[in-house]
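**Q** Listed below, chain by chain, are the residues.
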Amino acid sequence: MNEWLDPLLLSRWQFGLTTVYHFLFVPLTIGLVTTVAIFQTAWYRTNKAKYLQLTHFFGKIFLINFAMGVVTGIVQEFQFGMNWSDYSRFVGDVFGAPLAFEGITAFFLEATFIGLWIFGWDKLPKGLHLATIWLTTVGSIASAYFIITANAFMQNPVAYQINEVKGRAELTSIGELLTNPIALAAFPHTIFACFMVSAGLIISVAAWHLSRNQHLETMRPALKFGLWMMVIAGALTTLMGDQLSLAMVEAQPMKMAAAEAMYHTATGANASFSIFTLGTPDGVSELFSIRIPYLLSFLSTHTFDGTVEGINNLQEQYTQLYGPGDYAPIIWVTYWSFRWMIGLGIAHILVAVGGLWVTRKGKSPKTWIWKIAIWSFPLSLLAMSVGWVFTEMGRQPWLVFGLLKTADGVSPNVSGLEILISLIAFTLLYGALAVVEFRLILKAVQKGPDDAPVPDPVSGEIKQTTTVY
Amino acid sequence: MDLNVLWFWIIAAMFIGYFVLDGFDFGVGMSLPFLGKDDTDRRVLINTIGPVWDLNETWVIVAGASLFAAFPEWYATMFSGFYLALLLILLALIARGVSFEYRHQRPELKWKKSFDAMIVVGSAVPALLWGVAFGNVVRGVPLDSNFNYIGTFFDLLNPYALLAGLTTLLLFFTHGVIFVSTKTEGEIRVRARALAIRSGIVTIVVAASFLVWTTLAYGTLASGILAAVAAVALIAAYLANLRGNERTAFGLMAVTIGFAVLTLFASLFPDVMPASNDVANSLTIQNASSTPYTLQVMSWTALIAAPVILLYQGWTYWVFRKRIGRAHIEAAVH
Numbered sequence: 001m002n003e004w005l006d007p008l009l010l011s012r013w014q015f016g017l018t019t020v021y022h023f024l025f026v027p028l029t030i031g032l033v034t035t036v037a038i039f040q041t042a043w044y045r046t047n048k049a050k051y052l053q054l055t056h057f058f059g060k061i062f063l064i065n066f067a068m069g070v071v072t073g074i075v076q077e078f079q080f081g082m083n084w085s086d087y088s089r090f091v092g093d094v095f096g097a098p099l100a101f102e103g104i105t106a107f108f109l110e111a112t113f114i115g116l117w118i119f120g121w122d123k124l125p126k127g128l129h130l131a132t133i134w135l136t137t138v139g140s141i142a143s144a145y146f147i148i149t150a151n152a153f154m155q156n157p158v159a160y161q162i163n164e165v166k167g168r169a170e171l172t173s174i175g176e177l178l179t180n181p182i183a184l185a186a187f188p189h190t191i192f193a194c195f196m197v198s199a200g201l202i203i204s205v206a207a208w209h210l211s212r213n214q215h216l217e218t219m220r221p222a223l224k225f226g227l228w229m230m231v232i233a234g235a236l237t238t239l240m241g242d243q244l245s246l247a248m249v250e251a252q253p254m255k256m257a258a259a260e261a262m263y264h265t266a267t268g269a270n271a272s273f274s275i276f277t278l279g280t281p282d283g284v285s286e287l288f289s290i291r292i293p294y295l296l297s298f299l300s301t302h303t304f305d306g307t308v309e310g311i312n313n314l315q316e317q318y319t320q321l322y323g324p325g326d327y328a329p330i331i332w333v334t335y336w337s338f339r340w341m342i343g344l345g346i347a348h349i350l351v352a353v354g355g356l357w358v359t360r361k362g363k364s365p366k367t368w369i370w371k372i373a374i375w376s377f378p379l380s381l382l383a384m385s386v387g388w389v390f391t392e393m394g395r396q397p398w399l400v401f402g403l404l405k406t407a408d409g410v411s412p413n414v415s416g417l418e419i420l421i422s423l424i425a426f427t428l429l430y431g432a433l434a435v436v437e438f439r440l441i442l443k444a445v446q447k448g449p450d451d452a453p454v455p456d457p458v459s460g461e462i463k464q465t466t467t468v469y
Numbered sequence: 001m002d003l004n005v006l007w008f009w010i011i012a013a014m015f016i017g018y019f020v021l022d023g024f025d026f027g028v029g030m031s032l033p034f035l036g037k038d039d040t041d042r043r044v045l046i047n048t049i050g051p052v053w054d055l056n057e058t059w060v061i062v063a064g065a066s067l068f069a070a071f072p073e074w075y076a077t078m079f080s081g082f083y084l085a086l087l088l089i090l091l092a093l094i095a096r097g098v099s100f101e102y103r104h105q106r107p108e109l110k111w112k113k114s115f116d117a118m119i120v121v122g123s124a125v126p127a128l129l130w131g132v133a134f135g136n137v138v139r140g141v142p143l144d145s146n147f148n149y150i151g152t153f154f155d156l157l158n159p160y161a162l163l164a165g166l167t168t169l170l171l172f173f174t175h176g177v178i179f180v181s182t183k184t185e186g187e188i189r190v191r192a193r194a195l196a197i198r199s200g201i202v203t204i205v206v207a208a209s210f211l212v213w214t215t216l217a218y219g220t221l222a223s224g225i226l227a228a229v230a231a232v233a234l235i236a237a238y239l240a241n242l243r244g245n246e247r248t249a250f251g252l253m254a255v256t257i258g259f260a261v262l263t264l265f266a267s268l269f270p271d272v273m274p275a276s277n278d279v280a281n282s283l284t285i286q287n288a289s290s291t292p293y294t295l296q297v298m299s300w301t302a303l304i305a306a307p308v309i310l311l312y313q314g315w316t317y318w319v320f321r322k323r324i325g326r327a328h329i330e331a332a333v334h
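Protein sequence lines correspond, in order, to chains C and E. In case it helps, the numbering used here puts the first sequence at residues 1 to 469. In case it helps, the numbering used here puts the second sequence at residues 1 to 334.
Simulated from the structure, these hints should not be mistaken for laboratory data. Note that the structure is predicted; figures quoted are calculated from it, not measured. A few of these clues could be false.
What the hints assert, rightly or not - Only part of the chain E face toward chain C is listed, based on derived beta-carbon distances under 10 Å: (1) 53; (2) 68; (3) 73; (4) 305.
In this text, a Cβ means the ideal position worked out from N, Cα and C, and glycines have one as well.
Hey, can you work out the whole structure from these sequences and the hints?
**A** Here it is in structure tokens:
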């Protein structure tokens with residue numbers, strides 16, 4: 001019984017659960033708000049009804065999703081203090097600033113202008129109304145930047161000094177904190193991945209309608225847009241992911257070793273990348289694998305004769321540096337999450353390229369192709385999730401790499417029972433809301449865009465309707 | 001000027017912003033069973049805050065993050081110490097926020113009514129518990145030498161803190177109902193005014209007792225003056241509403257809430273979380289704060305951002321300044 005009431009374990013489960021859940025909504029928010037802004041801009045410039053229909057259609061899906069992102073986000077901010085108070089005391093001087101920046105500059109912007117956008121259709125001039133969705137976009141992307149700089153401090157602490165008396169990290173340079181090399185790579189990697197998720201949604205939705213031969217005049221351009229967005233965002237996500245792994249090898253070599261489940265240091269051809277491995281249950285020895293020689297060396301160092309350090313060697317180094325302890329994350333989690341992220345990412349790009357080919361010059365592909373395309377959205381979301389699971393689980397056992405272990409960050413005065421109560425409460429509420437949310441989005445998707453608005457016969461203008469809850 | 005002092009008052013200002021703005025959202029939410037006779041009425045009520053509830057709620061995110069950045073020890077002690085109370089606030093805010101977005105997605109009355117219930121509960125719980133939380137901060141809680149709260153959840157439910165909770169609950173309720181009277185037209189506006197007259201009396205009695213208790217038990221001369229201003233503003237708001245000056249009444253309610261928060265902060269100063277068991281364990285603006293460098297960075301950010309934020313948020317309220325009524329709801333598509 002007592003084992004189940006371990007505050008550390010329960011707090012970790014709660015943070016994992018609430019964060020993964022929150023980050024199902026955020027990427028779609030960031031990706032879709034940008035997409036909706038692009039559709040509305042297209043309508044503003046061309047005055048073509050189909051773009052307005054697409055703006056409203058994806059705008060509606062965006063809004064159903066947006067509220068969930070907002071309310072589950074408050075939990076994230078409160079949780080540092082509630083469950084991780086010793087962590088908060090240790091990093092507050094450094095970590096608090098980007099969070100405050102995020103609130104002051106990004107969240108206010110996003111929350112204010114989204115209200116203006118939703119309810120301002122008939123109250124603001126066309127151009128100004130268009131500006132509100134772009135400002136919402138700026139706010140949501142800026143918030144991602146600040147939260148990633150905060151996260152990057154946990155992966156690769158910079159711009160701090162340790163105050164022994166107070167027992168905490170103290171900020172020495174805000175500029176250095178905001179240009180953490182991990183953040184500079186992780187931010188674009190994440191944003192482009194958000195665009196992939198949004199592209200995935202558009203492809204899924206358009207494929208579903210087109211396979212039924214309905215809403216052709218809006219869904220054809222939507223599909224094309226989604227496919228191109230997926231290809232471009234996919235290429236950029238890959239490029240930035242490559243930059244991120246270079247920075248990661250520098251800052252957290254253990255994470256790269258764990259990503260490959262590589263126990264012994266290897267050089268050149270031996271630093272191979274395994275696509276698939278079957279090993280003994282303890283993960284120490286390998287039964288079967290498919291390997292690409294040199295690839296891990298290239299990913300880690302951009303050379304073919306690079307050396308990649310293994311888990312055992314790093315474990316030895318860290319034991320000398322930080323004292324006795326287990327410094328490797330859970331290897332099967334890092335190994336498989338890394339592969340699923342990359343595998344799904346590449347699969348999305350290939351599907352999108354294939355989609356562009358089979359729909360070239362207005363051709364209509366076969367049914368089974370639509371059936372594959374419909375999987376784009378859930379699988380792109382899964383790729384996003386496992387990517388973050390990799391990043392965060394790969395950081396263990398550290399909370400702040402090299403400075404504070406996860407076990408030392410948990411609130412000492414919150415009981416296991418209290419955390420069990422909150423964990424159950426969040427699980428039940430989040431579960432119930434997930435069902436409602438999923439059904440609402442499905443219903444909105446299946447209904448499809450509203451009919452094209454009828455322009456005023458005299459002025460040619462489209463009258464905007466009042467939005468109400 | 002000492003930046004620790006400055007940030008103490010900036011945190012106060014942020015909580016004033018949060019309580020004044022989300023306060024009337026909570027009030028509107030709680031007023032649904034009293035003012036909403038049918039679904040159209042309830043939609044009118046919800047639409048008075050439709051475009052702004054999200055930005056109002058963002059004030060608590062900004063206040064929380066600023067607390068984390070400027071006074072990490074205060075943030076850590078308060079949030080871990082009030083664990084279950086904050087959990088309830090979070091669950092309530094989640095339920096309320098999604099309900100605004102979900103309730104109009106389906107036409108069935110049963111669907112809408114269940115989300116209405118979530119809005120009412122989701123508004124009442126934080127309105128009550130924020131008062132309880134701040135009541136306990138002012139009263140002082142038992143802390144160990146590492147500033148960790150060593151009491152239980154039930155220790156937080158003492159008479160003074162409960163009165164504080166009842167005060168915020170009633171203040172926000174009346175504030176929200178008066179807000180409805182300034183934003184609606186027709187019968188609902190009349191009903192709102194009448195309700196605010198009734199709830200106003202109770203609010204005055206409860207809030208005045210709370211302010212007197214605060215001043216006698218924890219106050220200073222300065223906090224006493226601030227409490228008096230809050231009390232006078234509350235009575236003036238009541239009289240203004242009685243005379244039918246709805247907007248003046250609303251403005252005065254905002255002043256009341258603002259000065260009530262100032263009263264609490266002035267009673268605290270220079271402590272931020274006094275320890276009820278041992279003064280040596282109290283968190284103060286000095287031992288709870290970040291370094292001067294971090295506070296300096298934060299000060300510049302706040303200084304540059306504040307005017308811009310106030311400007312665009314003010315503009316938003318101006319864009320949505322028109323009153324709404326049943327006709328607006330019936331004319332709209334959805």
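**Q** Could you run down the list of hints and mark each one as holding or not?
**A** Against the structure, the hints come out as follows:
no. : hint : verdict
1   : 53   : 8 Å, holds
2   : 68   : 4 Å, holds
3   : 73   : 6 Å, holds
4   : 305  : 5 Å, holds
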